[in-house]
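Respectively, the protein sequence lines represent chains S and Y. Here this note's numbering is used: the first residue of the first sequence is 95, the next is one more, and so on. Here this note's numbering is used: the first residue of the second sequence is 95, the next is one more, and so on.
Any given hint might turn out to be false.
Since the list can't tell identical chains apart, any single copy or any two copies may satisfy a pair.
[As the list claims (entries may be wrong)] With a cut-off of at most 25 Å between alpha-carbon atoms, the simulated SDA-like pairs for lysine to any residue come out as follows: (1) Lys516 x Val273; (2) Lys541 x Gly182; (3) Lys541 x Pro525; (4) Lys516 x Arg496; (5) Lys516 x Ala526; (6) Lys516 x Gly263; (7) Lys541 x Ala193; (8) Lys516 x Ala152; (9) Lys516 x Ala130; (10) Lys541 x Ser98; (11) Lys516 x Leu277; (12) Lys516 x Thr131; (13) Lys541 x Ile100; (14) Lys541 x Ala529; (15) Lys541 x Ala526; (16) Lys516 x Ala156.
Calculated from the structure, these hints are not laboratory results.
2 protein chains.
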Amino acid sequence: MTGSRIDALAARLSPVLDAAGLRRDPAIDAHRSADATGIAGAVPPLVIRPRTTAEVSAALAACHALGQPVVVQGGLTGLAGGARPAEGEVALSLDRMAAIEPPDADAASILVEAGATLEAVQRRAEAAGLRVGVDIGARGSCTIGGNIATNAGGIRVLRYGMFRAQVAGLEVVLADGTVLSALAGLAKDNAGYDLKQLFIGSEGTLGVVTRARLHLHPAPGSDALALCAVPDLATAIALLRDLRARLGPSLSAFEAIWGGLYDAVQALDGGTPPLPSGAALYLLVEVQAGDAAAELEAALAGALEAGLVGDAVLGRTAREIAALWHLREGFNRHAARFGPAAGFDVSVRLDAMEAFVAAAAGRVRAADPDAVPYLFGHLGDGNLHYIVRTRAEAAVADAVYRSIAEVGGSISAEHGIGFDKKPYLGLSRSPAEIAVMRRLKAALDPKAILNRGRVFDA
Amino acid sequence: MTGSRIDALAARLSPVLDAAGLRRDPAIDAHRSADATGIAGAVPPLVIRPRTTAEVSAALAACHALGQPVVVQGGLTGLAGGARPAEGEVALSLDRMAAIEPPDADAASILVEAGATLEAVQRRAEAAGLRVGVDIGARGSCTIGGNIATNAGGIRVLRYGMFRAQVAGLEVVLADGTVLSALAGLAKDNAGYDLKQLFIGSEGTLGVVTRARLHLHPAPGSDALALCAVPDLATAIALLRDLRARLGPSLSAFEAIWGGLYDAVQALDGGTPPLPSGAALYLLVEVQAGDAAAELEAALAGALEAGLVGDAVLGRTAREIAALWHLREGFNRHAARFGPAAGFDVSVRLDAMEAFVAAAAGRVRAADPDAVPYLFGHLGDGNLHYIVRTRAEAAVADAVYRSIAEVGGSISAEHGIGFDKKPYLGLSRSPAEIAVMRRLKAALDPKAILNRGRVFDA
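Turn these sequences into a full structure, and let the hints guide you.
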């Protein structure tokens with residue numbers, strides 16, 4: 095049954111696509127069965143690789159007509175299983191649509207195809223003296239289409255916003271092949287509903303991103319980075335508030351590493367740590383401005399006087415700055431050596447963060463007395479990466495998610511829901527909200543062929 | 095028929111609402127028939143004035159059950175007829191839901207009810223050393239609910255974004271009374287679709303905003319404002335690009351007044367103009383920064399050296415700054431004395447603006463040889479207020495809108511579509527886009543009771 099539907103689909107699409115555009119060779123495409131979670135999915139029986147929006151439209155129209163489920167794939171760097179194929183799904187890959195137009199310097203924007211990697215777009219922007227507002231670790235593999243579908247975040251959301259804020263114009267293809275193209279990228283446009291908002295962060299369940307116009311930002315004159323030690327979370331939050339008032343938009347990142355993780359990374363890295371161990375939290379404060387080092391130094395001097403910072407070191411040269419950022423990546427570098435772990439990407443209002451951290455620690459300990467939590471993340475955004483070394487993954491997940499729900503936080507700050515966090519969606523969203531998501535899915539993809547079963551059950 | 099439905103509705107709601115919450119007195123509510131366009135609508139046979147979200151929900155559930163159309167009203171400052179009642183519509187006014195909670199300084203946000211005026215919220219934010227990102231002329235009467243429903247813009251979009259960018263959390267009531275409440279205001283939250291985006295800028299056709307959490311911004315250390323004269327539009331755009339690179343996020347406004355309007359306003363105002371007449375455009379450049387005057391002066395010196403500015407005056411004191419902003423409001427002050435006019439609020443990509451201005455001028459002249467166009471607006475956002483002194487309003491509208499469509503611009507940058515611009519929506523949106531808007535309307539308001547007939551015909 096499925097086999098004959100795949101035959102019918104291939105027959106319908108072979109006149110539209112070239113030889114490389116339609117592939118039924120598991121030997122070549124086995125890698126498309128898994129994403130960055132490492133969990134194995136099914137190998138798709140057919141991989142569709144269009145070169146143009148018209149080809150995406152033709153492919154989806156055919157799938158829609160046949161009721162054939164489709165998984166949409168970009169760089170396969172997702173952490174929630176959104177692009178991991180389910181049994182019987184054909185894969186629609188944007189890997190052949192990776193063109194990037196020259197940046198438009200007047201409008202400070204750039205028009206790209208969905209399959210372009212974030213890093214390739216960053217390079218083109220930088221060559222024109224401009225910057226993409228979002229940067230994430232997977233930059234070399236993740237694609238703009240995936241960034242938009244998952245509303246990627248990262249380190250400088252504090253200043254530039256999530257990926258949603260970078261999208262000036264968008265072209266998407268709906269499940270039935272309808273093309274919605276709005277790529278002018280007008281800064282102000284209140285002519286009817288802003289449809290692009292619907293597709294950003296909906297994880298490919300409502301439409302397939304084919305092209306986008308992204309806002310670019312002027313390159314800052316300079317960057318500066320400091321590492322500060324603080325005695326507790328309350329002081330860290332007070333420092334954030336103080337620096338925000340002093341630095342305004344020059345404050346571009348405010349990252350936290352909890353003491354336990356800092357010490358563990360130092361033990362693995364060896365050498366002399368930039369600040370002595372023993373503090374409750376270590377904060378990375380980044381400034382982007384005309385004279386960033388001077389602004390950061392003045393702001394920290396003020397914070398020191400206000401009693402909000404104990405010890406601090408300032409990175410001035412590119413090398414010193416890189417060494418401090420290297421610390422921030424400590425967990426990722428050593429993840430394998432931390433042993434079996436359960437990882438969470440949660441978001442909490444700052445005024446509830448202490449309560450959350452205390453409650454989660456208690457529940458995690460109760461679930462597994464041997465568990466060790468390692469915390470770091472984008473404190474300026476209320477976004478914590480909460481990693482627990484444990485073998486009791488399910489009980490620990492329950493402990494962390496229950497603690498998040500209790501304070502009205504989000505079970506997924508950046509990574510999305512996909513398949514893997516779907517069981518917990520109800521902890522962050524009400525039945526009414528999930529019902530409206532279903533209504534929207536039914537309105538735009540009535541046969542539920544696109545990324546079926548991700549986020550919620552349609 | 096309509097009368098008996100109103101009776102049935104009143105009977106159903108009178109146990110739920112207090113005496114002031116349900117009013118059938120045209121003598122009191124006659125003013126609710128018109129908005130800021132001055133065009134008279136119908137006097138609503140019943141005005142519903144809830145005090146709580148639960149009351150809004152009960153009112154809409156009753157209207158939905160009876161198939162009773164509802165017009166949603168905030169401050170009645172709209173310029174597209176969105177809140178102007180059609181015959182037979184009951185009015186739902188948010189005027190009794192105007193509470194404002196104390197700002198949350200850690201999260202830099204504020205929780206407000208939809209009926210609060212923008213100005214009242216601005217004052218509360220300022221008292222806490224914070225700022226609302228959006229400011230518009232109607233601040234004293236317009237409400238936050240209306241600002242959200244129309245995605246209001248204004249002068250500092252360049253730095254802070256449209257109203258969409260200010261909304262951290264939203265509570266809305268759907269046509270059937272369903273309450274969607276997501277007021278936590280998390281900076282990062284990718285747990286399912288971001289439903290609030292759907293309601294921002296949809297002009298009350300998909301749901302009624304009852305409460306919102308708004309992002310606030312640190313108050314800038316200081317403001318500075320300069321008036322510059324430039325010889326042509328191309329130089330104005332080159333200056334924008336130059337200043338954006340020099341000033342980064344410190345550049346907070348970049349407004350233009352075309353020479354013809356500058357001269358006309360000077361003639362009406364009398365006195366010595368801040369810069370001599372004769373330039374093609376006059377630009378207001380605002381900087382918000384620690385030492386705004388120094389940053390602005392340095393940036394203008396650089397631009398002068400690059401040959402992008404001829405003459406410029408800098409406002410340093412609050413009084414000098416106010417005098418320059420007073421110029422910008424010149425058209426509005428003198429509007430009545432300009433005689434019969436047709437006004438447009440259009441948006442164009444900067445690289446197409448010269449082509450648009452030339453094409454529109456030609457077509458307007460052909461439509462009415464006596465027409466005089468006056469141009470001003472938010473040039474930094476590509477948003478022009480294009481006003482034409484003419485008696486041939488329909489022919490002139492056709493001329494301007496045709497010219498906008500030709501360059502892929504928007505027929506409504508800030509003001510929305512409402513009833514009044516609905517005939518032109520197809521010039522900025524494709525049939526596929528309008529069809530998707532209809533699908534969304536049908537999914538969320540299947541009986542089309544909310545602001546029926548605004549934006550598009552459901």
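Verification of the hints:
Taking identical chains as interchangeable, the C-alpha atoms of Lys516 and Val273 lie at most 25 Å apart only when they sit on different chains, with a minimum of 22 Å there against 29 Å within one chain. In this assembly of identical chains, Lys541 and Gly182 lie within 25 Å of each other by CA distance solely inside one copy; the values are 15 Å within and 38 Å between copies. For the homomeric pair Lys541 and Pro525, the shortest alpha-carbon distances inside one copy (22 Å) and between copies (22 Å) are both at most 25 Å. For the homomeric pair Lys516 and Arg496, the shortest alpha-carbon distance inside one copy (15 Å) is at most 25 Å, but the shortest distance between copies (48 Å) is not.
Within a single copy, Lys516 and Ala526 get their C-alpha atoms as close as 16 Å, which meets the 25 Å cut-off; across copies the closest is 31 Å, which misses it. Taking the shortest Cα distances, Lys516 and Gly263 sit within 25 Å of each other only across copies (22 Å), while inside one copy they are farther apart (29 Å). In this assembly of identical chains, the alpha carbons of Lys541 and Ala193 never lie at most 25 Å apart, being 31 Å within a copy and 44 Å across copies at closest. For the homomeric pair Lys516 and Ala152, neither the shortest alpha-carbon distance inside one copy (30 Å) nor that between copies (32 Å) is at most 25 Å.
Proximity of Lys516 to Ala130 under the C-alpha cut-off of 25 Å is restricted to the intra-copy arrangement: shortest distance 17 Å within a copy versus 47 Å between copies. For the homomeric pair Lys541 and Ser98, the shortest alpha-carbon distance inside one copy (19 Å) is at most 25 Å, but the shortest distance between copies (42 Å) is not. Proximity of Lys516 and Leu277 under a CA criterion of 25 Å is satisfied inter-copy only: 22 Å between copies versus 32 Å inside one chain copy. In this homomeric assembly, Lys516 and Thr131 come within 25 Å of each other (Cα to Cα) only inside a single copy, at 15 Å, whereas the closest approach across copies is 48 Å.
Proximity of Lys541 to Ile100 under the C-alpha cut-off of 25 Å is restricted to the intra-copy arrangement: shortest distance 17 Å within a copy versus 40 Å between copies. Within a single copy, Lys541 and Ala529 get their C-alpha atoms as close as 17 Å, and across copies as close as 18 Å, so both meet the 25 Å cut-off. Taking the closest pair of Cα atoms, Lys541 and Ala526 come within 25 Å of each other both inside a single copy (22 Å) and across two copies (19 Å). Taking the shortest alpha-carbon separations for Lys516 and Ala156, neither the intra-copy value of 28 Å nor the inter-copy value of 34 Å comes in at or below 25 Å.
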